[in-house]
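Q: Chain residues, written in single-letter form:
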Amino acid sequence: MPVLPGACDDEGVSRSAEALWRAIAVFRFASLGYAALLLGVFDENRYSRPDLAWIVLGAMGSWTVVTTLAYSHRRHRTAALLSADLAVTAGLLLSTFALQLPAARHSGLVPVTGPWVAGPVLAWAVRYGRAAGAAAALALSLPTFALSGWSVSVVPNGEVLMLLAGVAVGHVAQLAAALEAERQHTDRVEAASRERERLARDIHDSVLQVLALVHRRGLEAGGAAAELGRLAGEQEAALRALIGAGPTATSADVDLSALLKPLASEWVTVGGPAGSVLVGNAEGEGVTAAVGAALDNVRRHCGPHARAWVLVEDEPEVVTVTIRDDGQGIPEGRLAQAIGAGRLGVSQSIRGRMRDLGGCAEIRSLPGEGTEVTLRLPRPPSPGRPAQEPARVRAW
Amino acid sequence: MVGEDRGATPAASGRGPAPVPEADGPRPVRVMVVDDHPMWRDAVARDLAEAGYEVAATASDGAQALRVLGAARPDVVVLDLQLPDMSGVEVTRALRATSPSVRVLVLSASGEQQDVLDAVKAGAAGYLVKSAARAEFLDAVRRTADGDAVFTPPLAALVLGEFRRLAAAPATSGADGRPAAPTLTMRETEILRMVATGLSYKQIASRLVLSHRTVQNHVQNILGKLHLHNRVELVRYAIEHGLAADPD
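Those protein sequences? They're chains E and A, same order as listed.
Take 0 as the starting number for the first sequence in numbering that gives the first Met the number 0 and just add one per residue.
Take 0 as the starting number for the second sequence in numbering that gives the first Met the number 0 and just add one per residue.
Simulated from the structure, these hints should not be mistaken for lab results.
Source: prediction; values computed, not measured.
Beta carbons are placed, not taken as given, at the ideal position from N, Cα and C, and that holds for glycine.
Be aware that one or more of the hints could be misleading.
As the list claims (entries may be wrong) - Quick list of the computed label-pair ranges, beta carbon to beta carbon:
#1 A:Asp-84 with E:Ser-71: 45 to 53 Å
#2 A:Ser-205 with E:Asp-201: 41 to 49 Å
#3 E:Pro-315 with A:Ser-199: 25 to 33 Å
#4 A:Asp-84 with E:Ala-220: 47 to 55 Å
#5 A:Met-38 with E:His-304: 22 to 30 Å
#6 A:Ala-132 with E:Ala-177: 51 to 59 Å
#7 A:Gln-113 with E:Leu-174: 34 to 42 Å
As the list claims (entries may be wrong) - A few chain E residues that face chain A, going by a derived Cβ cut-off under 10 Å, partial list only:
#8 Ser-205
#9 Ala-273
#10 Leu-277
#11 Gly-302
#12 Arg-306
#13 Glu-312
#14 Ile-322
#15 Glu-361
#16 Glu-368
Next comes chain E alone, as it looks inside the complex (with noise of 0.2 Å):
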């Protein structure tokens, strides 16, 4: 059977809701047996009519076969015909009036059905829940009650048994349809990442060899060619971002190296712990625009090929992130001038981001050497985190 996506009705369900009708029907014959059980042995005592009894007996017996024939087919188990079950089983258990004494009858003797009325109860439960279980076992309490002339001095103990049943199994039933349509959506999932990490192993085999072979020769040829290599080249890191990235996280922290990598260029080196760098989304989301706009203003200042590095490091009370390039460097004073100016730029994206974030950023520019900024994430401190050893003294 397909897996279809998204189809978690009762077309796409399954192996216990299979078993549950099954089970439906071992009971009912097994009642059957039993209500004849009764029948046989105190006959006597209880029946106006034995023959007549004989004959009710035949009639569920049939009933049996019919429903057992037809719940096993998914399609026929339909409104119509688990109402039609419902009203058979009530007939059969009020024919009780024209069979029994009115003395066994008062005295709450079992009527000529037994337990097998719970038969419908169940399918019921099974088909449609919890509390159409229990409706279905009120509606065949009722013919139960005008047997006993809707007299409660006799204990209900079998309506509330057939109650509870119908509570109970619709309950497993229900309990079983979610179970299943978990396992079939982790079945999905799998079979999802199975097949991205064939992809993945596939385009790394070929298309990325080829592409990385163009990039590399393209450079060397220089001229038109150096441009088209360079193309190979950010297409080649834009599919390995691509076919590296895992499925969704469900969880509410994102990885930042993940969500730094897709910056990585011809110009741009993206480095960090083989590992993910675990923060909230928000932080995530902050820091990864922070970064951008560093790179940008690289792009702004120091032209379109100037080299940038950003480097992610991960220690238990903060994540820091440097980014540096190797252009001229901002001129001292330059940077607050902008500030002064009302030019925002960096201040504005950068500081103001980090600030929000409960973090901070420092940009640092010596003549010459590039400027690096570097931006910091304090960690909150977490349950999960083992707190450092005050005797063992970090690198810094």
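Start from chain E and add chain A according to the hints.
A: Quick look at chain A alone, frame taken from chain E:
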């Protein structure tokens, strides 16, 4: 017929027109190229030969590389991380174990960071992305042959991250019998950060008022600490599992 063989091709040497300007001494540097992609393998081998290196052998997978290692006796192995039969990390470890003097330069197209880090921990002397320019690549081979660590900025960032991870990881105090995590000195951390943000050794030397050689030594020491830690961890792992395993 021989040309069609995709297998190891021991020593078609001296194809290059120019003598080796980089390699000093009478013997050219012997290089083995391990890459499953024929186009890449040939391109790299050609570049090396043109630059005067002796391409001692080429291999298309890890097993082949290990098979011809003894006959080819390379000084440097240029190794693709993604091979069909073994991981680059395993190949690095096996190459270093078989021939401790061989120096491994990892060439990777995937930028698969954990693999690169593992390869370096297993004994690789350097790492370069495949898209690096030819001059950069040849320079890296020369430096690897000279015994220098080839620390590109991304590799420096990885190594820095690894030391941070080891320092922050719990249960590395040494009290419980586990080896203490290696730590960097302040100077080493400073230098590693500078390499990771693209400064050359020369720039670092001038910033820190050190000699170029001192900076190189620091970088070598950093790599040495990582290798040593990795070896100690491997031994510990072997002992633990050796003792735990049922004797046959």
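Q: Run every hint past the structure and note whether it holds.
A: Hint check results:
1. A:Asp-84 with E:Ser-71: 45 to 53 Å: Taking Cβ atoms as reference, A:Asp-84 and E:Ser-71 lie about 52 Å apart, which means the hint holds.
2. A:Ser-205 with E:Asp-201: 41 to 49 Å: 47 Å, holds
3. E:Pro-315 with A:Ser-199: 25 to 33 Å: Holds: the Cβ-Cβ distance is about 31 Å, inside 25 to 33 Å.
4. A:Asp-84 with E:Ala-220: 47 to 55 Å: 35 Å, violated
5. A:Met-38 with E:His-304: 22 to 30 Å: 29 Å, holds
6. A:Ala-132 with E:Ala-177: 51 to 59 Å: Given range 51 to 59 Å: holds, Cβ gap about 57 Å.
7. A:Gln-113 with E:Leu-174: 34 to 42 Å: Holds - the Cβ-Cβ distance for A:Gln-113 and E:Leu-174, about 40 Å, lies within 34 to 42 Å.
8. Ser-205: 9 Å, holds
9. Ala-273: Holds: closest Cβ of chain A sits about 4 Å from E:Ala-273, inside 10 Å.
10. Leu-277: 13 Å, violated
11. Gly-302: 16 Å, violated
12. Arg-306: 7 Å, holds
13. Glu-312: Because about 7 Å separates E:Glu-312 from the closest Cβ in chain A, which is inside the 10 Å limit, the hint holds.
14. Ile-322: At about 8 Å, which falls below the 10 Å cut-off, the nearest Cβ of chain A leaves the hint on E:Ile-322 intact, so it holds.
15. Glu-361: Result: violated, 14 Å to nearest chain A Cβ.
16. Glu-368: Where the cut-off is 10 Å and the nearest Cβ of chain A is about 7 Å from E:Glu-368, the hint holds.
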